[in-house]
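Residue numbers (numbering that gives the first Met the number 0), protein chains in the order written: chain W, 0 to 79; chain D, 0 to 79; chain E, 0 to 79; chain C, 0 to 79.
Worth flagging that the hints you see were computed from the coordinates, not collected in a lab. Here the structure is a predicted model, which means the values were calculated and not measured. Yeah, the Cβ is synthetic: ideal placement off N, Cα and C, and Gly gets one too. Some hints could be false.
[Claimed, not checked] 25 Å max Cα-Cα, derived SDA-like pairs, lysine to any residue:
no., chain 1, residue 1, chain 2, residue 2
1, D, Lys58, W, Gly1
2, C, Lys65, D, Glu29
3, D, Lys55, C, Lys28
4, D, Lys28, W, Gly1
5, W, Lys55, E, Lys58
6, C, Lys58, D, Ile40
7, W, Lys58, E, His62
[Stated by the list, open to error] Here are the simulated distance ranges between beta carbons:
no., chain 1, residue 1, chain 2, residue 2, range
8, D, Glu63, W, Lys65, 26 to 34 Å
9, E, Asp64, D, Glu63, 31 to 39 Å
10, C, Lys55, D, Asp20, 26 to 34 Å
11, D, Glu63, C, His62, 17 to 25 Å
12, E, Arg18, W, Lys58, 17 to 25 Å
13, D, Asn22, C, Pro49, 46 to 54 Å
14, E, Arg18, W, Leu75, 40 to 48 Å
15, E, His37, D, Glu29, 17 to 25 Å
16, E, Ile17, D, His62, 40 to 48 Å
There are 4 protein chains.
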Amino acid sequence: MGMGLELNTLLVTKGKEIRVDDNLFQLEKEGYRLYPIHTPIEVKTTKKSPSRGYAKIEKIQWHEDKTTIFYQLISLNTTN
Amino acid sequence: MGMGLELNTLLVTKGKEIRVDDNLFQLEKEGYRLYPIHTPIEVKTTKKSPSRGYAKIEKIQWHEDKTTIFYQLISLNTTN
Amino acid sequence: MGMGLELNTLLVTKGKEIRVDDNLFQLEKEGYRLYPIHTPIEVKTTKKSPSRGYAKIEKIQWHEDKTTIFYQLISLNTTN
Amino acid sequence: MGMGLELNTLLVTKGKEIRVDDNLFQLEKEGYRLYPIHTPIEVKTTKKSPSRGYAKIEKIQWHEDKTTIFYQLISLNTTN
Numbered sequence: 000m001g002m003g004l005e006l007n008t009l010l011v012t013k014g015k016e017i018r019v020d021d022n023l024f025q026l027e028k029e030g031y032r033l034y035p036i037h038t039p040i041e042v043k044t045t046k047k048s049p050s051r052g053y054a055k056i057e058k059i060q061w062h063e064d065k066t067t068i069f070y071q072l073i074s075l076n077t078t079n
Numbered sequence: 000m001g002m003g004l005e006l007n008t009l010l011v012t013k014g015k016e017i018r019v020d021d022n023l024f025q026l027e028k029e030g031y032r033l034y035p036i037h038t039p040i041e042v043k044t045t046k047k048s049p050s051r052g053y054a055k056i057e058k059i060q061w062h063e064d065k066t067t068i069f070y071q072l073i074s075l076n077t078t079n
Numbered sequence: 000m001g002m003g004l005e006l007n008t009l010l011v012t013k014g015k016e017i018r019v020d021d022n023l024f025q026l027e028k029e030g031y032r033l034y035p036i037h038t039p040i041e042v043k044t045t046k047k048s049p050s051r052g053y054a055k056i057e058k059i060q061w062h063e064d065k066t067t068i069f070y071q072l073i074s075l076n077t078t079n
Numbered sequence: 000m001g002m003g004l005e006l007n008t009l010l011v012t013k014g015k016e017i018r019v020d021d022n023l024f025q026l027e028k029e030g031y032r033l034y035p036i037h038t039p040i041e042v043k044t045t046k047k048s049p050s051r052g053y054a055k056i057e058k059i060q061w062h063e064d065k066t067t068i069f070y071q072l073i074s075l076n077t078t079n
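Okay, chain W solo, but in the shape it has when bound:
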């Protein structure tokens, strides 16, 4: 009845991120999702894969049952 949300503490890209600028990425996820914004958040390719580094989310958009996230990478695990 209410509005379904998902609280997320990791950014799981599944390789679907799109580079929109030098260090700005766009990622679309199904459903309405809540992520911390302007806070370092760990980035992984899949839920179980090793950490790829940290991102800072700059913008979140909810529309038509999708969440679009715009983020910058702030640190990279180069060994992965």
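Given chain W's structure and the hints, the job is docking chains D, E and C onto it.
Okay, now just chains D, E and C, sitting in the frame of chain W:
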């Protein structure tokens, strides 16, 4: 993957509320649900039934995939 | 330390809404705010003013400590 | 006007946790805070201190402008 939440703006009791004190009621709902606390919220028996009045939620507890709400009725629609 | 959010159950416009299309309005609010999307939500000019009707939020955007809401009016209280 | 919330992705104890059972801790925080439940969450003593390990939150309670968290430690960084 993340934590599922439901954002609610109505208190739908389905007649399952328990009176724990003079004007204090306890209601258990499935899943983790977010309601505004200390704000008047409309009370209905079912989603489609007429308004029964307004409540103020005093306490919310999340445990074992259930949400327990403690609320006071602050106004009643006596004609319903 | 975490991310501040405000859970809202009313759409208070303060007369700042912008009509972007026939029945589509855009409203910018300070801070990051959570509103129910695709659910009827009451519209008021100020918190204490009478109800102006109901809206359905189509899109919410969080960016630079502002929340931008795109909504359609679904019913109007013509007497106000 | 709405209800203020804080979205948290770390459990910062400030040494105020109380052991209520073998591996069950209780922690009270100011304000209404949202944490992921049943998901590993990093534990630190202060925001800037090293990681102490991971916890799983079992129960969250919101009451009188305080959040009470019940959690189990699921892994410890013994070198810290």
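Each hint tested on the structure:
Between Lys58 (chain D) and Gly1 (chain W) the alpha-carbon distance is near 19 Å, which keeps this suggested pair within the 25 Å criterion. A threshold of 25 Å between alpha carbons decides the hint, and for Lys65 (chain C) with Glu29 (chain D) the separation of about 23 Å falls inside it, so the pair holds. Distance check on the hinted pair: Lys55 (chain D) and Lys28 (chain C) sit about 22 Å apart at the alpha-carbon level, within 25 Å; holds. Distance restraint check for Lys28 (chain D) and Gly1 (chain W): the Cα-Cα separation of roughly 12 Å lies within the 25 Å cut-off, and the hinted pair is therefore satisfied.
A hinted pair counts as satisfied when its Cα atoms are at most 25 Å apart, and Lys55 (chain W) with Lys58 (chain E) qualifies at roughly 22 Å. Simply put, Lys58 (chain C) and Ile40 (chain D) have alpha-carbon atoms about 24 Å apart, close enough for the 25 Å limit, and the pair holds. Taking the CA atoms of Lys58 (chain W) and His62 (chain E), the gap is near 5 Å; set against the 25 Å cutoff, the hint holds. Judged by the Cβ atoms, the range 26 to 34 Å given for Glu63 (chain D) and Lys65 (chain W) holds: they are separated by roughly 31 Å.
Roughly 36 Å separates the CB atoms of Asp64 (chain E) and Glu63 (chain D), a value that falls within the hinted 31 to 39 Å. The hint said 26 to 34 Å for the Cβ distance between Lys55 (chain C) and Asp20 (chain D), and at roughly 33 Å that hint holds. Against the hinted window of 17 to 25 Å, the Cβ-Cβ separation of Glu63 (chain D) and His62 (chain C) comes to about 18 Å, which satisfies the hint. For Arg18 (chain E) and Lys58 (chain W), the hinted distance range of 17 to 25 Å is satisfied, since their beta carbons lie about 24 Å from each other.
Separation of Asn22 (chain D) from Pro49 (chain C) is about 49 Å and conforms to the stated range, judged on CB atoms against 46 to 54 Å. Look at Arg18 (chain E) against Leu75 (chain W): about 44 Å separates their beta carbons, and that is inside 40 to 48 Å. A C-beta distance of roughly 21 Å is found between His37 (chain E) and Glu29 (chain D), which places it inside the suggested range of 17 to 25 Å. A hinted range of 40 to 48 Å for the beta carbons of Ile17 (chain E) and His62 (chain D) is consistent with their spacing of about 44 Å.
The earlier numbered hints are all upheld by this structure, with none contradicted.
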